[in-house]
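From first to last, the protein sequence lines are chains E and B. So for the first sequence, my numbering puts the first residue at 468; every next one is plus one. So for the second sequence, my numbering puts the first residue at 10; every next one is plus one.
No lab work stands behind these hints, which were simulated from the structure alone. Certain hints may be false.
Said to hold, decoys possible - Heads up, incomplete: computed chain B residues facing chain E, CB under 10 Å, no partners named:
{"id": "1", "residue": "Arg30"}
{"id": "2", "residue": "Arg37"}
{"id": "3", "residue": "Ala38"}
{"id": "4", "residue": "Pro47"}
{"id": "5", "residue": "Thr54"}
{"id": "6", "residue": "Ile75"}
{"id": "7", "residue": "Arg78"}
{"id": "8", "residue": "His80"}
{"id": "9", "residue": "Leu83"}
{"id": "10", "residue": "Tyr95"}
{"id": "11", "residue": "Glu98"}
{"id": "12", "residue": "Glu113"}
{"id": "13", "residue": "Glu139"}
{"id": "14", "residue": "Gln142"}
{"id": "15", "residue": "Val145"}
{"id": "16", "residue": "Asp147"}
Stated by the list, open to error - Stretch-level coverage of chain E by chain B, calculated; a stretch enters the list once three of its residues show a Cβ under 8 Å from a Cβ in chain B:
{"id": "17", "stretch": "483-493"}
{"id": "18", "stretch": "554-560"}
{"id": "19", "stretch": "627-635"}
{"id": "20", "stretch": "643-656"}
{"id": "21", "stretch": "806-816"}
Claimed, not checked - Label pairs and their in silico Cβ distance ranges:
{"id": "22", "chain 1": "E", "residue 1": "Pro601", "chain 2": "B", "residue 2": "Glu127", "range": "52 to 60 Å"}
{"id": "23", "chain 1": "B", "residue 1": "Val128", "chain 2": "E", "residue 2": "Ala571", "range": "30 to 38 Å"}
{"id": "24", "chain 1": "E", "residue 1": "Gly709", "chain 2": "B", "residue 2": "Pro81", "range": "46 to 54 Å"}
{"id": "25", "chain 1": "B", "residue 1": "Val18", "chain 2": "E", "residue 2": "Arg671", "range": "26 to 34 Å"}
Positions of the beta carbon are idealized from the N, C-alpha and C atoms, including for glycine.
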Amino acid sequence: MTSAPLVLGIETSCDETGVALVRAHPDRSELVGEAVASSVDEHARFGGIIPEIASRAHLEAMGPTLRRALEDAGASLEDVDAIAVTAGPGLVGPLTVGASAAKALAVALDVPLYGVNHVIGPAAVGELVHGLFPVRLMALVVSGGHTTLLRVEDVVTGVTELGSTLDDAAGEAFDKVGRLLGLPYPGGPHVDRLAREGDPRAIRFPRGLTAAKDQERHAYDFSFSGLKTAVARWVEAREDAGEEVPLADVAASFADAVADVLVAKTIAACEREGIDTLVVGGGFSANSQLRELAAERCAAAGVTLRIPPLRFCTDNGAMIAALGAAAVRRGVAPSPLELPVDSSMPLELVTL
Amino acid sequence: MSGAAVEVVLADAEAARDFGRALAGVLRAGDLVLLTGPLGAGKTTLTQGLGEGLGVRGQVASPTFIIARVHPPLGDGPPLVHVDAYRLESLDDLEALDLDASLEESVTVVEWGEGLAEVLAEDRLEITIERPQGEVADPEAADLGPRHVTVRAVGERWAGVELPH
Numbered sequence: 468m469t470s471a472p473l474v475l476g477i478e479t480s481c482d483e484t485g486v487a488l489v490r491a492h493p494d495r496s497e498l499v500g501e502a503v504a505s506s507v508d509e510h511a512r513f514g515g516i517i518p519e520i521a522s523r524a525h526l527e528a529m530g531p532t533l534r535r536a537l538e539d540a541g542a543s544l545e546d547v548d549a550i551a552v553t554a555g556p557g558l559v560g561p562l563t564v565g566a567s568a569a570k571a572l573a574v575a576l577d578v579p580l581y582g583v584n585h586v587i588g589p590a591a592v593g594e595l596v597h598g599l600f601p602v603r604l605m606a607l608v609v610s611g612g613h614t615t616l617l618r619v620e621d622v623v624t625g626v627t628e629l630g631s632t633l634d635d636a637a638g639e640a641f642d643k644v645g646r647l648l649g650l651p652y653p654g655g656p657h658v659d660r661l662a663r664e665g666d667p668r669a670i671r672f673p674r675g676l677t678a679a680k681d682q683e684r685h686a687y688d689f690s691f692s693g694l695k696t697a698v699a700r701w702v703e704a705r706e707d708a709g710e711e712v713p714l715a716d717v718a719a720s721f722a723d724a725v726a727d728v729l730v731a732k733t734i735a736a737c738e739r740e741g742i743d744t745l746v747v748g749g750g751f752s753a754n755s756q757l758r759e760l761a762a763e764r765c766a767a768a769g770v771t772l773r774i775p776p777l778r779f780c781t782d783n784g785a786m787i788a789a790l791g792a793a794a795v796r797r798g799v800a801p802s803p804l805e806l807p808v809d810s811s812m813p814l815e816l817v818t819l
Numbered sequence: 010m011s012g013a014a015v016e017v018v019l020a021d022a023e024a025a026r027d028f029g030r031a032l033a034g035v036l037r038a039g040d041l042v043l044l045t046g047p048l049g050a051g052k053t054t055l056t057q058g059l060g061e062g063l064g065v066r067g068q069v070a071s072p073t074f075i076i077a078r079v080h081p082p083l084g085d086g087p088p089l090v091h092v093d094a095y096r097l098e099s100l101d102d103l104e105a106l107d108l109d110a111s112l113e114e115s116v117t118v119v120e121w122g123e124g125l126a127e128v129l130a131e132d133r134l135e136i137t138i139e140r141p142q143g144e145v146a147d148p149e150a151a152d153l154g155p156r157h158v159t160v161r162a163v164g165e166r167w168a169g170v171e172l173p174h
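Next up, chain E with everything else stripped away, as it sits in the complex (with noise of 0.2 Å):
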């Protein structure tokens, strides 16, 4: 019999309904049950995103995907003692049916509310695979809509954001180029499987802010623009040339420009802050350059590495009953249930 707290995590803030029930020991945070389901191929159909359609798919999903949870854990409603919920960033609408759903609950349940963001979900939901954090890490977020370098103290109270993209996320540039080489959308994931099968030191693209005169204002910023501008011209050049474009090999030189940015960039700053542990999480982890450049030049600069099985890249409740279950066990004051939901919520606000 336990009676550490239950945390139910509900996470809507783009195509994907996430709801998870994670246990906030004071030693640890235990996944019990979790559940997602996705509107993404409902999305696929119209090449991109559409936020009613994502907002009318959210709320269809809430009530079944909760069910889906709670069996999975095998506990009931009743057992819940606070709830999560993703408060932004993201998509206004979806964020909404997110969070009413999860004031309906706290009100229903009287149990407390914690509008929390999603962006250090990622970075959260670390706990669940590898344990509690250690006292300082960095976190590198990565997705299609962020790019964001964290110094986490704590991951509640003390996140300081070190830099972003100050133009395209990564995932982003990935859609980008998947849909200038003719792939369908999301194109992340096509560009990832064609640029396996190309030469990655086929074409030298250009690696933004990893200049010497750039270290001094962007340490810590990333720019994929001139990449993704880079890519276009050298395609556009061939094609006016009548020429065939080597598909494979362009995804293969431009993921390895991403990943070798992303990389050198985050593992600089580790040194330069002096912190052994690298978390790298969000949607573009699951990118496999990224991963095995991350895991190589980690082992060889001697930082730990910590980055989350392939079903934890995806949106999901889990991260975000993690960083309820964080909140928890430190005890901070919960949301008001006026909560708001903010799509450009700032990073540093983990809970509102």
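Place chain B on chain E using the hints.
Quick look at chain B alone, frame taken from chain E:
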């Protein structure tokens, strides 16, 4: 209904941001700006300057993934609604984006909105950005090179308004 057109050449990204800042000076709540140009033209860069000029919260970055991002004002100016229609098939009504800011109260910038976003407002600024084409010898320089920018003012709202040039 087409009004004045202004053409400028912007030498680099800093010039694009400066132009965005200057443009912010003539914008007010309810205005719509459409940005057109190929991948890598500098639409987001120009919008970054525009956001600075308006004095809004947050790093203005590409909203492609999130489709629309609302930047609340830091002072008493209007919020900036930054939309990327790249992945949208239609944009009959901005309401479909479920934004927590209205077109009337905000400055709305739509990237990739050509042929989609015109229905949003009769009055608008249509900005076209052209970048150099083709391969560059030094790949690090892919984003460099001058941008040819055309600003076309459409509708009554812009009658007699002097655009930055």
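Checking each numbered hint in turn, tell me which of them this model violates, lowest number first. Failing hints, ascending: 1, 2, 3, 9, 12, 13 and 17.
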